[in-house]
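Chemist: Given chain U's structure and the hints, the job is docking chain A onto it.
Protein chains in written order, with the UniProt record's numbering: chain U, 1 to 596; chain A, 1 to 596.
Source of the hints: derived by calculation from the structure; they are not laboratory data. Glycine is no exception: its CB is placed at the ideal position from the N, C-alpha and C atoms. Treat the hints with care, since some could be wrong.
Straight-line distance between alpha carbons at most 25 Å, and here's what the computed DSS-like set of lysine-lysine pairs gives [stated by the list, open to error]:
id: 1; chain 1: U; residue 1: K182; chain 2: U; residue 2: K285
id: 2; chain 1: A; residue 1: K333; chain 2: U; residue 2: K227
id: 3; chain 1: A; residue 1: K499; chain 2: U; residue 2: K499
id: 4; chain 1: U; residue 1: K70; chain 2: U; residue 2: K87
Under 10 Å between C-beta atoms, here's a sample of chain A residues computed to sit facing chain U [unchecked claim]:
id: 5; residue: G177
id: 6; residue: M294
id: 7; residue: Q325
id: 8; residue: M429
id: 9; residue: A511
id: 10; residue: F567
Which bits of chain A does chain U cover? Going by a derived footprint, with three or more residues having C-beta under 8 Å, they are [what the hints assert, rightly or not]:
id: 11; stretch: 143-150
id: 12; stretch: 241-248
id: 13; stretch: 257-264
id: 14; stretch: 347-360
id: 15; stretch: 586-592
There are 2 protein chains.
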Amino acid sequence: MPQYNPPLRDMQFVLHELLKVEDELKQLPVHAEVDTDIINQVLDEGGKFAAEVVFPLNRVGDHEGCRLNKETRVVQTPTGFREAYQKYVEAGWPSLSCDPEFGGQGLPIVINNSFYEMLNSANQAWTMYPGLSHGAYECLHEHGTPEQKALYLPKLVSGEWTGTMCLTESHCGTDLGLLRTKAEPQGDGSYRITGGKIFISAGEHEMSANIIHLVLARLPDAPAGTKGISLFLVPKYLPDAAGNPGERNPIFCGALEEKMGIHGNSTCQMNLDGATGWLIGEPNKGLNAMFVMMNAARLGVGMQSLGLTEVAYQNAVAYAKDRVQMRSLSGAKAPDKPADPIIVHPDVRRMLLTARAFAEGGRAFSSYVALQIDRELNHPDEQVRKDAADEVALLTPIIKAFLTDNGWIATSEAMQVYGGHGFIAEWGMEQFVRDARINMIYEGTNTIQSLDLLGRKILMDNGAKLRKFGAKVQAFVEENGTDEAMSEFVTPLADLGEKLTKLTMEIGMKAFQNQDEVGAAAVPYLRVAGHLVFAFLFAQMAKIALEKQDSGDDFYKAKLATARFYFARLLPETAMLIRQARSGAANEMGMAEAWF
Amino acid sequence: MPQYNPPLRDMQFVLHELLKVEDELKQLPVHAEVDTDIINQVLDEGGKFAAEVVFPLNRVGDHEGCRLNKETRVVQTPTGFREAYQKYVEAGWPSLSCDPEFGGQGLPIVINNSFYEMLNSANQAWTMYPGLSHGAYECLHEHGTPEQKALYLPKLVSGEWTGTMCLTESHCGTDLGLLRTKAEPQGDGSYRITGGKIFISAGEHEMSANIIHLVLARLPDAPAGTKGISLFLVPKYLPDAAGNPGERNPIFCGALEEKMGIHGNSTCQMNLDGATGWLIGEPNKGLNAMFVMMNAARLGVGMQSLGLTEVAYQNAVAYAKDRVQMRSLSGAKAPDKPADPIIVHPDVRRMLLTARAFAEGGRAFSSYVALQIDRELNHPDEQVRKDAADEVALLTPIIKAFLTDNGWIATSEAMQVYGGHGFIAEWGMEQFVRDARINMIYEGTNTIQSLDLLGRKILMDNGAKLRKFGAKVQAFVEENGTDEAMSEFVTPLADLGEKLTKLTMEIGMKAFQNQDEVGAAAVPYLRVAGHLVFAFLFAQMAKIALEKQDSGDDFYKAKLATARFYFARLLPETAMLIRQARSGAANEMGMAEAWF
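Bound conformation, chain U alone (with noise of 0.2 Å):
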């Protein structure tokens, strides 16, 4: 059976001495009491959670996934996951980053986001209820009035209710400009609303008393396209005058999909069958409503990601200090033993490392992301908080995109770890490959993350965005290219940041001529991108750990071999990738379709 130890040290470990995190929050009025103390003391306790409670239940989830009874259309979710959540919410988990004035504890998205990796790695299955409910508590917050605010938020902040978004239909996923839910008003200030929608997840269950659905649809005057495209709270209960679960609203579900991971997560059909629901934000704005939702949920399908990369790690570790087989090439490490334990092997360690690599290249990332967030939100220097949102804007689809590719490989590299065995199930290695396979897809797949990236985000303002991080980089470098020590992560860095720069604006000049450049560049460009953080982040980690490597604790030794390892091993994809973004688009598109 796999095992799970929350990664507080390396947690710890970037929050307070890679992004100093408690001087950063001093500067946040809302956050300014929050220091390191606190921040272990919920990471601590969040950990004991995860581990104790939520990832007992991973394996049960897989292997019982829900079931519709197709006479009551309620979906069972798998043996204790109710329960689990019930936990959660008795113990206040869901309150943790929520607004005060709707019972949360007002807490910085920063240890929001920790938490989250801690989850995804005891649960990915699991951990989607409450992630989906946050989301739309963040939407809600955003664009409702106060009426609704005050009416859902504090069902939601404190867990009692859970949330859904309902975006795709059988259609159309990517391109939400074809989707056909209508929404009739019914005169009363409610919509009258019918169609159905797919890979609704969380969408039926009976962990909570009420579920909150954001539903797109059309407005019969509605404009054709993505103009056309309103947001509506549609409750599955409408909440009598109390405020509490009444009248059971039309929204059904009307199948469960059989997927290849995250069985134990309710991934419904809904049909709409002329439930109510009410406006959320301006008509024909609700792609924008909606959009709030789905950047936090980008970062959150980042992490999800991440916590599955940590978990396999931690599990294939175990599994090659164990595991005999074969004597190490270079002489017997182990005489005493029948064979030597298979983490003798480089190539055992070249899988192990690539994963270790990931996490903590995906930790650093994604927590400096989430502490920008803050900034965003709650800095009082609005240059601040431009710069800041800038910053999330642009590394929002490299931290989905990156990470999730990355967990792909990683969870895989870490079942390889155990030859034959990790092909089966008990051992748990290979559910963590199916549950990863998900994030490279949902909350907008890969592909368009990097069109998101290099188009909207880089090419649509003539690299401003790119130049602000590129600055921060380059400041970096300049700092630390003197010193002898550093040289071999600092030149490294200097080098790609100096090719990405070259490779943005000959894509630019391309893009002139034939938008299908840019198409064609997209995906390795991401990488490449993602490249530039992660070294970025490793050189600076590896600062630290230089200065520290003497003090006693072997933390840092680790932490300069994996960057090392991270430096000399996948780094170099960049030249792959570079290669790639550069052939051009005639490579792809001169291939006609009739030749398929």
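Modeler: For chain A alone, kept in the frame of chain U given last:
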């Protein structure tokens, strides 16, 4: 539901235009009569069998899996598997490339190989039953006594009986030297065999009247390690005096493994409770005998992933032409539709062409090796046989690891084309991914293949086999180096050849100091070698395509476009791999075990 169309046109191109199989076979007396018409006819019929009989059972097999009746200890295979096997036997397919002395049709391996590609596209889990049987046939044919051959081979050739290979035990997979199953002489020439085996594919079922298990075990006086392992023939039913299945031998399935994929195959824990067996070959030389079977099996595993790559590609193309979503960035391509078919998007083409190039390259590669096996077995000139054997030895680990890694990438890319639908079981794409995953593990993990290639096949003979292959590449480069139209292919091919030579020498030098350098370089090294083979074959295919591109047959234009994509987008992986292979062991071994 997925579809499958046997890629007969491309097979014919590879066999007749690229490899000129008819001419090659004329040099082999036993196959001198096998002409193009016969080959095409066999493949045509074989393709029909695969597509019409075997393929419709692929989803069924995945969904139902196998079931063990604990009382009768019989394994029930999925609905239809048994009937399809009966048809397979009735049509004479098992005997295709078997020895006429034992009832075989005596056709060359290169035909059987193409047939197996189609079976694997249709249903990898089903194909493993006859596939393992054929391996057992080859092993017995090479190492059995005349009496053993007379008794067992005709039944294996006809398919009336099937076979397995029983190697792995729970504590040893890669390291067979650790195995514990015991064989005690019973005084009548037979042995009493006791022990437990795991991961036995097709280990128990009722598709055939008897199952011939080839079992590795230790004799009482056997030396420790790999030098004390013998091979035994252990029938499920002991043949009676008439050679028919008689008394049940105590070799039983104790449990079925719950796996990530290939659910339709019966993967058994086998208990031998004093089962009767007979020695095959010499005492303590069991591993040598088994390696005959394993080398064929390694080529076979490469074919499994090639099959999955092809079928995943075909379905992704069909979906990409059908599914409309978003407009092309370079302007609407299907203005009459609500959106463009997604095949207009460059990145969708990247995914499709990646799978296509891996399929076409893999098909050329495996057919090339299969033909070399025919030459190794049947060429009248001893030196030709020796050269062919060397090439097969060199290329077998590359086929196994390179094609299975490629299959993992290709099936995942093909699944990604479907967006969210790819994750849903009913579309069938996620099954291809799950099935493909085992191929990187079994018959020797891909790490083991890479060590076999770099350590045994290359460094151990100071690169002699590699130089022979390199000379072929060099001859092609010199012959075509002055052809302007070919320079886009010949220049990178020549460049990679030189780089691989340098890399090999560099690792060889480092290995003198530290054998871990071999383990640290082997995996990326093998992929560089795989790309050299692919580049060599794609350059040859491009040459033919250039000559015939104006023939009016678009096949050649498509082939050229695919070759160009390969050189522009896939070959650049070598820029990464060479850096990784050169980066040395220190970045992996520098991390102390305790720090993990």
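Chemist: Go through the numbered hints given earlier and state which of them the structure violates, listing their numbers in rising order.
Modeler: 4, 6, 11, 12
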